[in-house]
Amino acid sequence: MILTVNGQKREVNADPNMPLLWVIRDILGLTGTKFGCGAAQCGACTVHLNGEAVRSCVTKVNRAAGQEIVTIEGLSASNNHPLQLAWNELSVPQCGYCQSGQIMSAAVLLRENPHPTDQDIDDAMAGNICRCGTYQRVREAIHKAAAMPMEGAKL
Amino acid sequence: METNGVSRRDFIRASGLAGTALCLGFYFPANAKKAQLVSANAAEATGFEFNAWMHIGTDGKITLTDHRAEMGQGSYQSVPQIIAEELEVDLKDIDVVFAKGDPKKYGSQITGGSSTIRGSYKRLLMLGATARQMLIMAAAAKWNAPVADCYAQAGQVIHRPTGNKLHYGELVADASKLTPPKDVPLKPMSDYKLIRKPLKKLDTPMKTNGEAIFGLDKRLPGMLFASVERNPRLRGKLVSFDSTAALKVPGVKQVFKVQMMVFNTTRDGVVVLADSTWAAMQGRKALKVTWDETGFEHVNTVDIYKSHQELLKTKEGLSVKKQGNPDAVLDKPGKKLDVIYETPYQSHAAMEPLNCIAHYQSDKIEIWGPIQAPDWVQGDISDKFKMPKEKVVVNMTFLGGGFGRKAFLDYPQEAVAISKQAGVPVQVVWTREDDIKQGPYRAGISYRGQGAIENGAITALKFKMAGQNIDHWSGPGRGKPNGSTTEGFLNPYFESIKNISFADVPYEMPLPNMWWRSVYASTNGFAYESFINEMALLAGKDQLSFRREYLKDERCQRLIDRMEEVSGWKARKKNEGYGVAITECFDTTVGQVVKVSRNAAGKIKIDKVWAVMDCGWYVNPDIIKAQVEGSVLMALGAATTHEITFKNGLVEQNNFYDYLMPRITDMPTVEVHIMENTADAGGVGEPALPPFAPALTDAIFDLTGKRIRKLPFNMNAV
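These protein sequences, in sequence, are chains H and B. The working numbering numbers the first residue of the first sequence as 1 and each following residue consecutively. The working numbering numbers the first residue of the second sequence as 156 and each following residue consecutively.
Excised from the complex, chain B in its bound form (with noise of 0.2 angstroms):
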């Protein structure tokens, strides 16, 4: 670990010989299954790849190393805040800093899928739990007393008899040279003081000053400036530039063309670097570029949705999952349904553009940037740039907002590219221009839904969904189906109905695109619980006691009982603008109730979003009721007010005065609640996106009769 300029190998030999800090950290053997817990002393001892993930002082002072990205979602309060709680200190002795990327003492560091605390919590719980247990020890060996007569209090070893203390900075030279015990007990939920509990957030303050550091923040000696007309087709080769009066501008200092790999295709592009980002900007515009256009189609949004249409009625598609025959109960006569829905290329569209940082050295590659996989930034530079890895180092600044984009390889690809000629450190800017246009996208995705009902109830249900999957844009997925067909749906309903299959019917189309918030949930829930939506009533019920019926874990029941209670739904009348819809994504289910009217315009309105949230163990309610808030929004704009259209093979949309982002004015009230239980951790920061755009257009249902099947879709013209 390079902090402060000393290197990891200092750091070690200084805390290890002179016992000057207690290091603990997780070693990730290249097989193993389990991390093993491990101190400096032990990783010096034995040449292990030494992470210190925590590292407290002679003075007491705690730096715990957060190994996920932040990128709005809360790493930065929620590491510490679940380490501070076994560790028994408070979070005002702790300093947060972002790790480099390195999988051998992080392990998986993509900032994805949710995953940070479901992913990490009981590692973080235990290396906590771990040092304050050395440190008890190191206090009962000072006072020759037994470990049981002492304990841990606000940064301290208390004995319990005589009330001696010892504060943890005059402990850890003792403690650095102990073996970490094994198998520390955790504290039982009850006995929790800051998990659980809805501290404010560490990283505010340098958020309302100026003072956090973001990717487009970071200056380093000697940098230029870069901007990069990129190929509009989104691939493709460069014919000819004329640079003249790009050269002329005060301040450009160099054109040259670079290129880029986006997965497996190239993307060619021209930069012009000078000495601020405005006169690389203004350069840019001087130039004259030829583009080679052949090679491939120029696609219009109209046909990709006819294709999939039409992919949807001939086709049966790759089986995903299929349980008893719903084909044949589809076949027979009786009360049916058989309905498309469509949903629209998304671009991330983070509020800080990509932009990335890069210093190629001959012996070493550094890179600074905002990015969610730092881990993977440094493989894949290695590769490109036949550099060993621990010669390319990936420093990690705070993201102004990611979604998925920036866990992407191409922005640091090109930067590295960049410098490499330009033979300086360079800081690439993506204009905002480029940021919408550029992609990669959430592919847009049509889905069939048959259904067939008898005696109120559902005897089959039958999804297709056709649209392209990141998987064989990448590559290696091609010929298979899209495995997260069914994300989204929920798991109790193959419980309860007989017959059921999923199938994706491959849709290839060399357009890039990639993970979005929530990844497919965010496109199947719409349709699956719109679907369902449909199905209550068609069988002649109210959705949420139709859904009681076939989610019958306990869980679920719970969840429901909640919105029933918080949303005031049986005391609701018909046709007042109710809705609802339930999905599950990154192991937590989310149920949300909209509420909708019209305004004295006759315009539809928001009133309220009930949402019900059941993610297990959690770690800070506030965290949590922010993101379920974001969440909403977010998928408000995905439904609403913005999407990704093509033609002839050029995006339309340019920058947020024609890709609309909704506003303060649209943001509606959003009520949070949070299911109390001791299941395992399930995601936070993306499984409250897929219900709204269902719930939304149930109620807008329950109160015009319109039912919308296509996003977006203007709410000012419903």
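Bound-form chain H, shown alone (with noise of 0.2 angstroms):
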């Protein structure tokens, strides 16, 4: 089958049924998206597709094929899109395993809420679990990019 992923066509033989997280990680070799749960219970996992949240550990490969997948190697052309500059102000990531996801999150909030309140982010944020507790300043990362210009940085 064709997956587009970041923009470029990529052709797989996978099982049908394996979920795209595998696919993304074993097969196309993108390990930026993390596997934590395999339940979709954690967010490591989320990727774009079409443009929405998704958690690839539970999302089937035949469900994204023909359509756009963006994972966290294809959010900026140089690292730097809104998220990931704020991201590095403040030191976010502990360990970082979480990251990839807590960011593919928080695009699309950006995306449809440019200006989301405490709330707005708490409730956007909630199906990311960080174990290090870096959720202080994801919350203030994403003022913090918020309030930065969009230009340049594709979501």
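One or more hints might be untrue.
Claimed, not checked - The calculated BS3-like cross-link candidates involving lysine-lysine, where the alpha carbons are at most 27 angstroms apart (straight line), are:
| id | chain 1 | residue 1 | chain 2 | residue 2 |
| --- | --- | --- | --- | --- |
| 1 | B | K729 | B | K763 |
| 2 | B | K725 | H | K144 |
| 3 | H | K60 | B | K763 |
| 4 | B | K763 | H | K144 |
| 5 | B | K519 | B | K408 |
| 6 | B | K355 | H | K144 |
Derived by calculation from the structure, the hints in this document are not laboratory data.
Bring the two chains, given one by one in their own frames, into a single complex with the hints.
Here is the structure:
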């Protein structure tokens, strides 16, 4: 089947039932998207499917065939999405493992709601677990990114 | 050191003979008390096992080896930040690589006990200062000028009288031929330009675009993925398995039995190897396995805590520390308290599930993984697989959390056993369910606190603990009391309270248990500091001024001053929901004030956490703040949302849907304050965890009058 990942068409020979997560990681070799729970509980595997945040660990690959998939590697041209800049500014990550998923969830939030309140952020980000406890900085960084110009960044 | 395929021997020869780089490292002789600083040349001349902790090339580029794991606690930042200060270079000119496991080169590499900075900072300062001095000496010789006329700044040596400059890259060839000078003076703290500054972390960019390689992200050519069905009772044997259906799953290549050592027990499993992680997991689901369930107890959580209670009420246990005669005081009539606290079993549940790559070859074993103690893994694999130590190469990756679990030896060992039998490199991937259900766990521990108050003052304190002991489980500590019984309890109490005793009532149970962030302080702290709060109430005093009477040490007094000041303690009103606790852990003291209230729906809500940390000398205040925020959140989860329970010998929890993690909606505002002083460095990654639970439950008592003595508790039900 043909997948469009980060703007590139890729031909993939995979069991149609294989979750998108494992196609991305084990077949396409894009390891920025993480495995955390396999049950849509933690959000570490969040990617964009036609611009929507989905949990790739429970999304069968045949559901994604022929559609636009964006992973953390494709979020911006040079690590310069406002969220990536804000994350760096505030040293958000600790271990960093959940952060791809955090950023991918936050990117959809900002597209739909460019100036979210704390409550909006909590509502949108409650599906992403961080065991290191970076939540306070995640909140702050989303506000900071919201205040940056969006020019040049694609969502 | 092997970097980019260049062997250590070649590397040393190149740097030594051609003089193309300045390499400095430490040599850890087997029986010497102090590490010796050596250069690559000296190492080559004397045959030292050499480790280039620091490599400066002719282009001026500096490569530093991080001898510890990076699991979120910040060694990848703090190690270079220390060296750059004394070396007089910009952080952007430094590349960081992870060390391989080798205690002869790096000394102890276990990333645990919050020891990276407190254990190494003086050595790291000396390393930077010595290299700088050698570069200055090389420049002075070139200019035929006195060393005293030269100084280093921003990666250059400058000749003060003429303003002539040479950059480090131009000096390394000459500097590498010098003998490292001894006892180079270190900068006074007041001259620090990098240390104690909240510099942005070097590893953030690669953690925001998917570039950072965690254990699970490492790939080797020809590698297969493995998923293992292990005995659900955490130990014991396999009777039989049927792999027919598993082998029919597309992508599945091999299925066989594997055995893993967990301390002194063995655990059988059946491994499915496939060309993708998912195929291995599907194959595993298709297995039919029969386990031998005889020969060990099928435990229930409720029975564990019943046994604890019984032991605490009937046994005196093994004395750990005693002064005066608390029993004599407690026997007399008067104001007394006698209560039991209970803490739960906990999983580490790091976000990156356990995984490890092993490549077994006839003459070499190579490992890649998220590993907290590469030197331990090297030793263990060498022993178990009869391979000389130098032929066991343990490579480090970033760790997606560790919290102690990734300092354990079971998962690398199992990966090696699988690769040996499979004949190819394998990556063993634990599912979240494996991670939650297979342990080892932080043991649940129960405590009995007894105390007496006379004229508003403590006249006796008596603590006993009952719970599994890591040392008993692992073997050698049997018959001995738990040496960590007093961990978390502040030393100055012993100065001011005449009659105190601590005892450990041994409780043994064949459930695998191990250290978990802040180790025994995480459970001790809840019991001991809750008890102090209850004693303050019995004495009719407020919790902070009560502590002030006992913690007469100057640093403690200042810490209390600060807690009062930042939290507005004195302006608070009674029953407004303020709680407090102070604990010590890994040479660092942390006090926390927690404020709670009820929200519109009548549920308890944490308004604010004020944390004051005294960790002595420190590197990066922003990393400290992050560690405190994270410790508070982890403590909140362990106190209110999750616990591991056993029913008929099986773990009841499975995944994040029944082992519930605090989420962004649960994150309280945490305000962190760091005490400024010149004392030796204490730990940072763990010490802020223990005081949170007792401060929270104390705040809830202040608001509601309900005293919580058993963790976890449901905040929504208070």
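For this session: Of all the hints given earlier, name the ones this structure violates by number, lowest first.
Result: 2, 3
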